[in-house]
Structures are given as C-alpha cells and as structure tokens.
Amino acid sequence: MKPSSLANKKVLVMGLGHFGGGVGVSRFLAEHGAKVTITDTSDSQTLTSSIKHLEDLEIEYHLGEHTKEDFIHSDLIVVNPAVPKHSPWLKLAEKNHIPQTTEMNLFFDYCPAPIIGVTGSNGKSTTTAMISEILRATTDKTIWTGGNIGQTNLLQQIDKISEKDWAVLELSSFQLYDLGLSQHSPQIAILTNITENHIDWHGDMDAYVDAKKNILRYQHVNDHAIFNHDDPEFNDWPILTNAQTHWYSIKDTKDIQLAIPGNHNKSNAAAALQVANILKLSRSKSIKALENFHGLPHRLELIRHLDGVTYYNDSISTTPQSTIAAIESFDKKKVLILGGYDKQIDFSPLIESIAQPKNQVETVILIGQVKESLLKQLQASMITSSVAIQTSDTLEQAIELAQQHATDNSVVLLSPACASYDMFKNFQDRGDQFRHFVNLLT
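Residues in the sequence shown are numbered consecutively from 1, following our numbering.
For the record, the hints were derived by calculation from the structure and aren't laboratory data. Backbone N, C-alpha and C define an ideal beta-carbon position, used for all residues, glycine too. Please note: incorrect hints may appear among the correct ones.
What the hints assert, rightly or not - Calculated pairs, DMTMM-like style, for lysine to aspartate or glutamate (alpha carbon to alpha carbon, straight line, at most 20 Å):
| # | residue 1 | residue 2 |
| --- | --- | --- |
| 1 | K9 | D43 |
| 2 | K164 | D140 |
| 3 | K2 | D159 |
What the hints assert, rightly or not - Label pairs and their in silico Cβ distance ranges:
| # | residue 1 | residue 2 | range |
| --- | --- | --- | --- |
| 4 | D206 | T142 | 34 to 42 Å |
| 5 | L440 | A355 | 43 to 51 Å |
| 6 | L181 | D342 | 38 to 46 Å |
| 7 | T142 | S381 | 47 to 55 Å |
| 8 | T442 | S182 | 51 to 59 Å |
Generate coordinates for the entire structure from the input sequences, incorporating the hints supplied.
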C-alpha cells in the first residue's frame, strides 16, 4: 500500500497535544492529500506551539471539545497514543464502523523496508541504538531509526525509505497495543525484559504483557524473534510466533568492553549482537561498533565531575527495575534523586535494593507526586536508620541537597523510577533541566 491511497480521504486526528505528539502524523496526512481535521479537548492557546508547526498546511481545527459529527462522518480516525482506549468517542466511532489507526500503524502500512522492532520494559532505546550502530558499521544500507526512541519522525520520511533499507524501531506497549488492530509485527522482533510498568494506562499487568506480545503475534515463518534467555518471563513466549526463535544472554558479551556502565547495557549489547548473527554480519566489526557506542542522552549520561563527585543523568528511568539497574552500575557511594509521576507501580523491590549495603546508597532525595507516599514506604521499611532521606519541592533544590550530601568519590544519580509528567514536559525535559542545574553548581 502507498500513501497515495490517502488522497481526498476525510481523516480525523484525535489528539494533537501541546508537546507536539500529533504534529508529525498530521503533516504526513495533509502532505499526502488527505483532508485533515484535528480535534483536541485543549484550546488553541494551549496548543499554540503544535499548531505553529502546521500553519503552512490546509488543516481544519476543532479544539476545546470533541463533537459527535467528527466521529461519525470521517473516513479514518488517527488516534494519539495518549488517548484512553475506553474513550466514549472511540466507542462512538466503532459503533459507526469508522476505522481507527495510529501513527505507528500507518508507518507499518507504508514502510517498504524490513523492520527490526525492539520492545521490553527496560533497555529498548539503548538496544535500538546499538542495533542501528552495528548495521551502519557493517553494511552499506541506509538505516532509519525511530519509533518511541524519539528521533526523526519516520512517517514523514516514508517517501525516502527504500525496500533495500532497514528501519529499526523502539516499540512501546502503547504502540504495540495498537499494532494489534492492524495485525502488524516486525520482521525481526527483540524482547529485552518484562517488569511491571504503565499499570495506570493498561489497567493491570496482564493487559500490559498482552500488549507486548503483539510484537510476535503476526510474524511469518521467515521472520525472527529474539528473546532474553536471562528473563524467565519469556520461557513460554515462543509459541506465540510463527517466526524462527533465537535466544541471547549477558554471557555472550564476555569478550566486549563497553564504554557505557552497567550489566543491563551488556545485556542490551548481547541482544544487538544476536541481530548481527541472524543477518550474518561481521562479529568483529559489530563488537567494535558496540565498544565505540557512548550511549544516549538521559541514559546513565555522564554530566560532570565536581569536587570528587560524579553526576549522572538517568532521566529515562521510569520504572523501579531500571533504577535498580542504574544503582547496580556503580561500585561507589551514591546519592539518589528519586520520584515523579505515580504510575501505580510497586516500589518494594527498589526499596529492598536501596537497603542493601552492597549497593552503597547513602542518601535518597525524593521529588514529585510520589514523594510523600514513597517517604512513608521508606520509613515503614526502617530504611531510614541506614539511609538519609530528604524531600524536595524542585529538581534544582534536590540537586543542591545532593551536592551537600555527596562525599568524595561518590555518585549523584538522577534515576527517578517514575514518569515525568507531574513536573516536566517529558523525561527529556527532566534530564535537560538536571544537566542545566548540575552545570551551574560551583
């Protein structure tokens, strides 16, 4: 199918977002001849920035509320992932037999290149980036990296993508939930791990896991599915796919010296190497690409050394398990900045990790929506007898407290274990502010 099939279709984009979540797909639709209407419950003033990016296009805006007519007189509805699936407006569209899709589903519909998809609760972005680095170092193909990793909007680049290229996508549980609607799965699927996440959106752990499984369900016999052998959650998952199955383990990286810290990154590297194996790429060149990879922003990103203290930005951490991995990446004393938006996740494994003397967490500074509830949980665990606990109203204040508590040869680690939406635009904004305030320290 080609984007030309969109010409003259009445397409409703539901959810523009004041952070620009619907801008890319709206531009793609309008540039390919669709008659686009955008509906959002926010008003034009709130959406000024997003609208500005589309002002050169003929787009109709219905803002401040949704209207019944839009959901029963459209040819297609493109739904922003942030829209709740139980929305009565989507139910109305379904009742009136109006098809629904998403930006990622459209990319799968129109992408001529084979797709490598990466999902999991943690490690998706880094694994996606590592695979892309290997492919660029070992092939002469054009590599397109995107999806949830937040780089170039690949849907807008679709006319430039060739069937000889490769597309490497990070796929979130939200995107995979919707891929089930159009029954798409990537030609190569990688699963890094499964831990509790996004319960606030999915409703329960079973629904979250079921969404992840869509990366496998629609694969074909010539496709490939790659599982983490070190996560027992995946033991029964191969029965879900028609693809050829492969396994990787952190043990596969004994001969690799990564530039980025942590055993979790060794596991990510092992996943990327398994892709290289399947594609019969040079192992030596693949390893060199991994060893030259210096990580992504906001993922254990080294910010600076100051007065014997090292500051790391791990703003990407939105789960307790990813923060545990960050803590275990450093054999040093630590000051941990923790907290944010409440995704209704169990923090007890993280509290246990903080309490372990071997992990050397000396101070925890709590921020965000969860700080009071987390403080009560930490106090109830009696952890406060061995770990200093502070609360802060702002990230800037938290960094100043961290500097006061840090001792020589220690690490100050922003690894929040929570989403960012209570105090920041997104995790990038949180990490950028951390970097800014750390660089102001004297």
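Status of each hint after checking the structure:
1. K9 to D43: Given that 20 Å is the threshold and the Cα spacing comes to 25 Å, the pair is violated.
2. K164 to D140: Answer holds: K164 to D140 is near 10 Å, not above 20 Å.
3. K2 to D159: 9 Å, holds
4. D206 to T142: 34 to 42 Å: 39 Å, holds
5. L440 to A355: 43 to 51 Å: Violated: the Cβ-Cβ distance is about 32 Å, outside 43 to 51 Å.
6. L181 to D342: 38 to 46 Å: 29 Å, violated
7. T142 to S381: 47 to 55 Å: 51 Å, holds
8. T442 to S182: 51 to 59 Å: Cβ of T442 to Cβ of S182: about 54 Å, so the range 51 to 59 Å holds.
Checked against the numbered hints above, the structure violates hints 1, 5 and 6; every other hint is satisfied.
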